[in-house]
Amino acid sequence: AERKRIYAHVLDPVDEIIAAVVADHRRRDDLADRDDVLSMLLLARHEDGSPMDDVELRDELVTLLVAGHETTATALAWSVHRILTEPGVHDTLRRELAAVAGAGPVSPDDVAKLEYLDGVVKETLRLNPVIPDVMRLVKRPVRIGGLDLPAGVLSQLGSSVADQNAAMLGQLLAKYGISHVGGAGLSA
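All residue numbers for the sequence shown refer to our numbering, where the first residue is 166 and numbers rise by one.
Source of the hints: derived by calculation from the structure; they are not laboratory data. Don't take each hint at face value.
As the list claims (entries may be wrong) - Restraint-style ranges between C-beta atoms, simulated for each label pair:
#1 Asp218 with Pro297: 14 to 22 Å
#2 Ala263 with Val231: 33 to 41 Å
#3 Gly317 with Ile296: 34 to 42 Å
#4 Pro178 with Arg260: 23 to 31 Å
#5 Pro178 with Ala266: 40 to 48 Å
#6 Asp177 with Thr236: 19 to 27 Å
#7 Gly233 with Asp180: 27 to 35 Å
#8 Ala263 with Arg191: 22 to 30 Å
#9 Ala266 with Ser324: 50 to 58 Å
#10 Ala209 with Ala184: 12 to 20 Å
#11 Gly214 with Gly311: 49 to 57 Å
#12 Glu221 with His246: 18 to 26 Å
#13 His211 with Gly253: 29 to 37 Å
Where a beta carbon is used, it is the ideal one built from N, C-alpha and C, also for glycine.
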């Protein structure tokens, strides 16, 4: 309830738009003939045969938008930025693609062989995570990193801060027995 109050000025207009679209779709008589996600969700049934209610539909649609579309677009944008701005990365990728796929299109089997590309993507996501911060409401008093957090406060994990702090990253890698990050990395 508190979170809804804090973000109401952002969430309320989104909820209103979604509610209008859902209501419009509910009035359609051709849902079974359509192949859009909302039509499929409106036709879906729970195990007991009941349809999704408006809150469930809203949650599914927001999840698809945020977790499906926006995260992919952000990851692609940062990857293209890194490929075009890091010295040597673009040329190294072109050489790898030519060696693996030749002049033809990249096949699904080829993708597993693109080790340098895999490293570029992983390093990009490490340095520019699509969801850089995670917040949690502390439900009971807890001690984290030498700090005592009382119940009721928001705790935030900033993964991008940890990944860009070399000393902190080294400690995390050692703790979990990871010897490298990002596969082939960005070295050209």
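Hints, one by one, checked against the model:
1. Here the CB-CB span from aspartate 218 to proline 297 is close to 33 Å, at odds with the stated 14 to 22 Å.
2. For alanine 263 and valine 231, the hinted distance range of 33 to 41 Å is satisfied, since their beta carbons lie about 37 Å from each other.
3. Our hint of 34 to 42 Å for glycine 317 and isoleucine 296 is violated, since their Cβ atoms are close to 24 Å apart.
4. At roughly 48 Å, the beta carbons of proline 178 and arginine 260 sit outside the given window of 23 to 31 Å.
5. Hint check: proline 178 to alanine 266, Cβ distance near 45 Å, so the stated range 40 to 48 Å holds.
6. Evaluation of the 19 to 27 Å hint for aspartate 177 and threonine 236 yields a pass: the beta carbon distance comes to about 23 Å.
7. Between glycine 233 and aspartate 180 the beta carbons are some 19 Å apart, a value that contradicts the proposed interval 27 to 35 Å.
8. For alanine 263 and arginine 191, the Cβ-Cβ distance of about 52 Å falls outside the hinted range of 22 to 30 Å, so the restraint is violated.
9. Here the CB-CB span from alanine 266 to serine 324 is close to 33 Å, at odds with the stated 50 to 58 Å.
10. Taking the beta carbon of each, alanine 209 and alanine 184 are about 18 Å apart, inside 12 to 20 Å as hinted.
11. Take glycine 214 and glycine 311: their Cβ atoms lie about 53 Å apart, and the range 49 to 57 Å holds.
12. A beta carbon spacing of about 37 Å between glutamate 221 and histidine 246 contradicts the range 18 to 26 Å that was offered as a hint.
13. Under the hint 29 to 37 Å, the C-beta atoms of histidine 211 and glycine 253, about 53 Å apart, miss the expected range.
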